[in-house]
Structures are given as structure tokens and as C-alpha cells.
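Novice: Use the sequences and the hints to build the structure in full.
2 protein chains.
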Amino acid sequence: MKRVVGLVAVLGLAAAMLACFSPAFSEAEDAAAAPIFGISIPEGYRDWRLISVAHEEGKLNDLRAILGNDTAIEAFRAGKESYPDGTIIARLAWDYEPLPESKAAFGQAQSYVAVHPKNGVQFMVKDSKKYAATGGWGFAHFNDGKPADAKIHETCFACHQAAASRDFVFTRYAP
Amino acid sequence: MKRVVGLVAVLGLAAAMLACFSPAFSEAEDAAAAPIFGISIPEGYRDWRLISVAHEEGKLNDLRAILGNDTAIEAFRAGKESYPDGTIIARLAWDYEPLPESKAAFGQAQSYVAVHPKNGVQFMVKDSKKYAATGGWGFAHFNDGKPADAKIHETCFACHQAAASRDFVFTRYAP
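Those protein sequence lines, which keep their order, are chains A and B.
Heads up: the first sequence runs through residues 1 to 175, numbered per the UniProt record's numbering.
Heads up: the second sequence runs through residues 1 to 175, numbered per the UniProt record's numbering.
FYI, nobody ran anything at the bench for these hints, they're computed from the structure.
Take the hints with a grain of salt, since some may be wrong.
[Claimed, not checked] Dumping the calculated SDA-like pairs for lysine to any residue here, alpha-carbon to alpha-carbon at most 20 Å:
| # | chain 1 | residue 1 | chain 2 | residue 2 |
| --- | --- | --- | --- | --- |
| 1 | A | 151 | B | 129 |
| 2 | B | 59 | A | 104 |
| 3 | B | 118 | A | 106 |
| 4 | A | 151 | A | 175 |
| 5 | A | 118 | B | 112 |
| 6 | A | 103 | B | 167 |
| 7 | B | 103 | A | 155 |
| 8 | B | 80 | A | 115 |
| 9 | B | 129 | B | 44 |
| 10 | A | 59 | B | 107 |
| 11 | A | 59 | A | 121 |
| 12 | B | 146 | A | 175 |
| 13 | A | 103 | B | 155 |
| 14 | A | 146 | A | 45 |
| 15 | B | 103 | A | 157 |
In this text the structure is predicted, and so the values were computed from the model without any measurement.
Specialist: Written out as C-alpha cells, the structure reads:
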């Protein structure tokens, strides 16, 4: 009987340890999670609703869309100046080309349309406790589905400081 | 008994007439429906998923997003060359401005973001029987929620002829 109780206790302890350490361990070991913030690509993000669109000139030179999960969309539409925990914002971007059919219709190149993904996919995840040191936001950048290195991720929060007065979010909702 | 049967017959005929004529009548009378094609703004279209983004230069000069209902998204993702009945494609557009916070972060204006709606909202609705004369597509253009006039709607199909080989759809899916 003592042996059985002892075995149960050991198994219980092992289970408790797994429960405590597995998430952190699997994040650290998970090649799909971005460094520093431990964020993986959120499932189904390409199906999220549209927050806004933008065009980057300069070195980035892309057309982009900013999508949000339900929590994000709700906060953006309510015009909130800070975002609740659970908010996730996704930034997609593409290179662009003049559309031949539009050129034919208009008689000149004037419609530039998204073609291939460019400049990776980025996410901002709000968790005010977990990411307290970076304004409550975790940041993640993926190129072709693979997380960029730690050096890239060190630049995220520094750059987003420019939007500190709007909870570090550059994007505004496009009505 | 004869009277009851007669009444039922009259009511049945009235119901049949209503079923036949009401939709057309209400469309013709509905100030919210676009002329020629009788299309109203589809409910909840701003929540639809993203097909692609684009930038128009020239006179239009906007940033735009193309959204699709579920039927549209499914067809675009499957790479279909023609679209099934029930497909609805929405084209939204905005004027754009350099984002001050981005200028502060990058040291130069390079991020142009959507601001106010511009150039109206447009819809393409696939109904191969109803719109057989225009490639199976109905077209609608709304400015500030009000349908543009018939003259505008006469130009839609003529212009989309340039994309005849792709079922009259200019947009391609942005992966």
C-alpha cells in the first residue's frame, strides 16, 4: 500500500512539474516561436478582419494590410486608446506590380496590386503582465513562416516608442 | 365550402403574386439599391475577409482593399478562373497621408496610411442568370452609402471587359 501511495505521489509530482515547466520549456525549444517574446504564428490570422491598409516607401517599399483578431477589431472600432489583453494585430505586406488588365482598361499603368509576400509577417500581442517590460506588448516577426533572430526582435519596441501616446500602435482603423 | 376554397384560391394567388413581384418592386422602389443591377450594400461587408490590397495612382489616387464574402474567399483561394453564383467582391478605398509617428521613428515620411474613405465603395455580385447580359456580374457603386447614378453603372462592365479572360475580375488573391 505504501509503495502505491509513493508511486502516486511521484507521478503527481511529475505531473505538477510538467504542468509548471512544460509551457516555458516548449516555448524555448519551439523553433516556430519568435525569440524574446516566445510568440508563434497565430492560427488562422489570414482570416482576421481588416483594420487598415498602408503603403511603405523607402527601403521597405510594399503594400500592406493590418488585420486584427476579434479583441483587436472591437477595440479599434471603439476608438480605444489602449488595447485589452488578448489583442493581436497582424501586419502583412506584399511587393506590388502594375496590373496589366487595368493598364489596358485605363490606357496607362495606374493600378498597383499586391503580388508576392514581402518584408515578412509581424504580430503584436497584448499581455500586460507577460510583456510588462515592453509596454504590455510582445512582438514577433516571421519570414517565410520562420521567426527572425533576436537582434531583429530587439528593435521592435524601440521603434514603437514613437507611438507611445497611442499604446505603441502605429495603425489607426480605416472606416 | 365553395366560398372557403375560393378564398383560399384568392389568397394563394395573392401570395404567388407577392412572391413574384415583390422583390422586383421593392428593388425598384428601394432608394438604397444601385440602378440597373438593383444591388444594395451587403450587410456586414466590412467584416469580410481580405482578398488583396492595391494602390491607384492618377485621378483615383487611393489605397484600397478588396474583401470577399465566404464564397468569394473560397473561390479565390482555390485559384478558380471563374466565380460561382453567390460570390460578392467588395472594393473599399481611402485617401492616405504620411503617418507622423512613423516619420518620427524612421526620420522621414515613408509610411502612408489610409485615412478617410475615398472613391466610394463598389461591389461585384455573381448571379449568372440575373446578370447574364454582363458576364454574370452585377455591379454597384455607393458614395457615402448612396448609390451612384445609372450613368456610372453603365461604365462598370465595359471597363471590366479588360479582365474578360479572368471572369471580369481584376483582383488576384494576395497570399
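Novice: Determine for every hint whether it applies to the structure shown.
Specialist: For each hint, the structure was consulted:
{"no.": "1", "hint": "A:151 to B:129", "result": "violated (57 Å)"}
{"no.": "2", "hint": "B:59 to A:104", "result": "holds (16 Å)"}
{"no.": "3", "hint": "B:118 to A:106", "result": "holds (19 Å)"}
{"no.": "4", "hint": "A:151 to A:175", "result": "violated (35 Å)"}
{"no.": "5", "hint": "A:118 to B:112", "result": "holds (17 Å)"}
{"no.": "6", "hint": "A:103 to B:167", "result": "holds (17 Å)"}
{"no.": "7", "hint": "B:103 to A:155", "result": "holds (16 Å)"}
{"no.": "8", "hint": "B:80 to A:115", "result": "holds (17 Å)"}
{"no.": "9", "hint": "B:129 to B:44", "result": "violated (25 Å)"}
{"no.": "10", "hint": "A:59 to B:107", "result": "holds (13 Å)"}
{"no.": "11", "hint": "A:59 to A:121", "result": "holds (16 Å)"}
{"no.": "12", "hint": "B:146 to A:175", "result": "holds (16 Å)"}
{"no.": "13", "hint": "A:103 to B:155", "result": "holds (16 Å)"}
{"no.": "14", "hint": "A:146 to A:45", "result": "holds (15 Å)"}
{"no.": "15", "hint": "B:103 to A:157", "result": "holds (16 Å)"}
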